[in-house]
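Visitor: So the chains spell out like this:
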Amino acid sequence: MASVIERIKRGHFWTFHGGIHPPQQKFLTSDKPIRAISIPEQLILPLQQHIGIPAQLQVKVGDKVLKGQALTYGAHPMAVPIHAPTSGIITAIKNAVIAHPSGLSELCLFITPDGEDKWRPRSICTDFNQLTNNQLIDKISSSGISGMGGAGFPTQVKVSTREDIQYLIINAAECEPYITADDLLIREHSPSILDGINILDKILSPDHVLIGIEDNKPQAIKALQQATADNAKINVCVLPTKYPTGGEKQLIQILTGQEVPAGVLPSSLGIVMQNIATCFAIADAVINDTPLIKRVVTVSGQALEKPQNVWSLLGTPVGYLLAQCGYLNKDKKHIIMGGPMMGYSLPTDQVPVVKTTNCILAPTEKEISSPYSTGSKEVECIRCGQCSDVCPSQLLPQELQWSAKAKDQQQLAKLNLFDCIECGACAYVCPSQIPLVHYYRIAKSEIRQQKQLDIKAEHAKVRFEARKERLARDKIAREEKHKAAAEARKARMNSGSTAGNNEKSAVAAALARVKAKKAGQAEPDKTSVSEAPENGQKSQVAAAIARAKAKKLAAKKSKSTETSVVADNVTGNTESSIDDKKAKIAVAVAKAKAKKRDDKLTTPTESNPVADKDIETTLNADIKSVTATDNKKAKIAAAVAKAKSKKLHKKSEKPEKSKAGSSIAKQEDNEAMSSEVEPVKSADDKKAKIAAAVAKAKAKKLASQKEKVTTPVDNSSTDNKVINTETEIKTPEEVKKAKIAAAVAKAKAKKIASQQEKSEST
Amino acid sequence: MSVIVSTLIAILVLGAMALVFGAILGFASVKFHVEGDPLAEQLDALLPQTQCGQCGYPGCKPYAEAVANGEAINKCAPGGEDTIKKIADLLGVDVQPMDENHEADNTPKVAFIIEEDCIGCTKCIQACPVDAILGTTKQMHTIIADECTGCDLCVDPCPVDCIVMMPIAKTPQNWQWDLNNIPVVQLD
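First to last, the protein sequences are chains A and B. In terms of this note's numbering, the first sequence is residues 16 to 777. In terms of this note's numbering, the second sequence is residues 349 to 536.
Since the hints were derived computationally from the structure, they do not count as laboratory data. A hint or two may mislead.
To be clear about the criterion: a stretch of chain B counts as covered by chain A if any three or more of its residues have a C-beta under 8 Å from a C-beta of chain A, and this derived list gives those stretches [claimed, not checked]:
{"hint": "1", "region": "353-366"}
{"hint": "2", "region": "414-425"}
{"hint": "3", "region": "435-445"}
A few chain B residues facing chain A, derived, Cβ under 8 Å [as the list claims (entries may be wrong)]:
{"hint": "4", "residue": "GLY407"}
{"hint": "5", "residue": "THR470"}
{"hint": "6", "residue": "GLU495"}
For every residue, glycine included, the Cβ atom is placed at its ideal position computed from N, Cα and C.
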């Protein structure tokens, strides 16, 4: 270790493989001081500006906030809070385009500044040495500091490492072309930066502090050397200019000669690296109680009149910064966030500056052509191998490229795709202009997605298995319970007590009931040939009854002879003079019934005498409900109809029952009425239920359209129509009720359909 | 004479070797016996585990077992062409196009309950293969989106049709560097 420091002191460093020397272009901004710009009209603050998870909102629209007030909070170490950059009112919390290459929207806070720039109460800390490490880390975390070099890793996670730290490396390399933000910050604020470094030194207590800075920043080097002259622990390491010296792994390799293995954090090697701008932010947070609300942004490029470094509030729209710096390229904008090597083009200039934004680049078309205007100039790879010569991670870019295009994830893993730092050196030197990094990014995101899917699939599998187990367990438990109950009952019955005898008789009754039901079921299942004529007869009888009823009603009401004539000729002319509504309905019902009978002759399994009676009762219900003037009556009628239908169908079973069976019939009726959950076994039950549903639907319809008399029997002609009527009658007040009714009807229709299938197959 | 002797020796030696190796193999088959069908396990690992039953089997595991026993490999609709390719690689058979009866839109989706319409019938809860629906009788139900496999099985039992399948939203976290699909805005 001593040798490392000796080497550094002598000015001898290691080097990393490859690297490139793109044109610096730093002269555009390096000769001008950092300019303070006015507060924009609106600030847009994305909730997440770092790697990790967004913190919880603690403000709402319309809130008045003070400068430096925390807008979010988070207990999770990867949740970094954000703060109000100035005082003002929160005008909106909505999705807006964020600083991300995808151009997708995420939740943002919109603040309209009030111009007062009024601070929240602050407490200045005069001597940070009196604070404990935990207090310091708390201050860093509550000030919302995340890495300001580009990746945005939460600083508090880095500084609360438990590892024994040998080297604290301060990254001031700033190797990307154009960017001079750190350079200017060092020149103007080296005392504050030194405070920040000292705070980190106190928290981490490393053996050595190394500041890595490229030799293209002589003034900054001088400032740093002057500031650290009396501190032997801090070494300013002036490094030869080469891109990407500022990469974390590359800088560690240059300074210490150690390579950080794949998938290992530098802290496990005893190394922590912090960006120099982060050091400044730490000093501001700890000493001045100023959270991270502003940063130095290099606004550069030849499309600007006045390229300059500016102090930008976080949340300032990029367009505002560009306007402040005299943007010339009005007709065709191409804006890059970040440096020319690793930055990305912005889809709109309303994207806000965030914690990681170190540069806004507005190049002319000649300088850097827009990918949107020129399209891809990519040609075939000529296998020149220049890309692997410059790769700082010693990968094989062209091999990676082929595998990425072929989506060969195994091969990509073998070629260590995830060691790629996406520095863009390979794409820079590629003579075929292949956007190599772009392919790697796609491949990386695909592999990540696949991993997520694999995890999810595994999770789903576990849950599925657990569910299966649970169901099996429940089944066994249920069976055992039934068994135990049956045994207990048996024991009770055999004991000879009065209760036992009662139960015995109940069981006997139940057995008889089951027998009767079976008999009832067997009858309609007889061959269709024998039943067809019978059905015909029945339908005729039913029609006659209906006719008679219609007659009666008509006679009662109008006492006209014409009515009875028409009623007799049901199939004939119904348009003839009948004034009575009820009579009309009755006639229509009878007609429909007759039709239904005809239909049923073709499907004998469906026909049933009980159904006829049921429909009759519903008819009665109809007539009743027409005369009724209010909803209640109609509903009661429906309920009566339902009950009647059930009773009727039960009674129809009577003749087939034995003596014992008939004695329990009454009891059974009650049971059938009360227990809906009883499985529908016979076709009779089914019919009764349909009738009940129809009656219900009718009652509802009548209730909702009191005066409007329709022909309800049309609706009862098919099972499907039952559902239709029920869904049709939805009135705004009864939506829920209607829905439940619809659900019941649907379930019934399903059951019927399945039973029909069954009976057809038998 | 010597020919017969040498032949005998050869037979004896080879016979002895056969016995020894047979014994070793027999021992190994007992000692390293694998419970279950390893091929079915491997196939199961390739399937998406949505447990949707679109293949006609009650879950991914039964389908994996069926494929191991010669069922067609192109019946997994949620897995799509990728899964067919993986299964074909594993079994060393040709890639088949997706079965026409099973072809489905396999964009990842999650179920969503329109909560004001839910009547609390618990039918969807019974249908869910991964217990991703929360609720009880006559109480509003809701989907645990993270657990939902998008299998569609809850949609049919719903008596009031209050369950819809929604495609998973694109976020910066799951975005796949699809630069061509970024809305290009001409700035002015």
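Visitor: Run every hint past the structure and note whether it holds.
Guide: Verification of the supplied hints:
1. 353-366: Per the Cβ count (0), the hint is violated.
2. 414-425: Result for this restraint: violated, n = 0.
3. 435-445: Answer violated; 0 residues pass the 8 Å Cβ test.
4. GLY407: Nearest chain A Cβ about 6 Å off; hint holds.
5. THR470: Hint on THR470 (chain B): violated, closest Cβ of chain A at ~12 Å, above 8 Å.
6. GLU495: Check passed: Cβ of GLU495 (chain B) comes within 7 Å of chain A, closer than 8 Å.
In this structure, the hints that do not hold are numbers 1, 2, 3, 5, in rising order.
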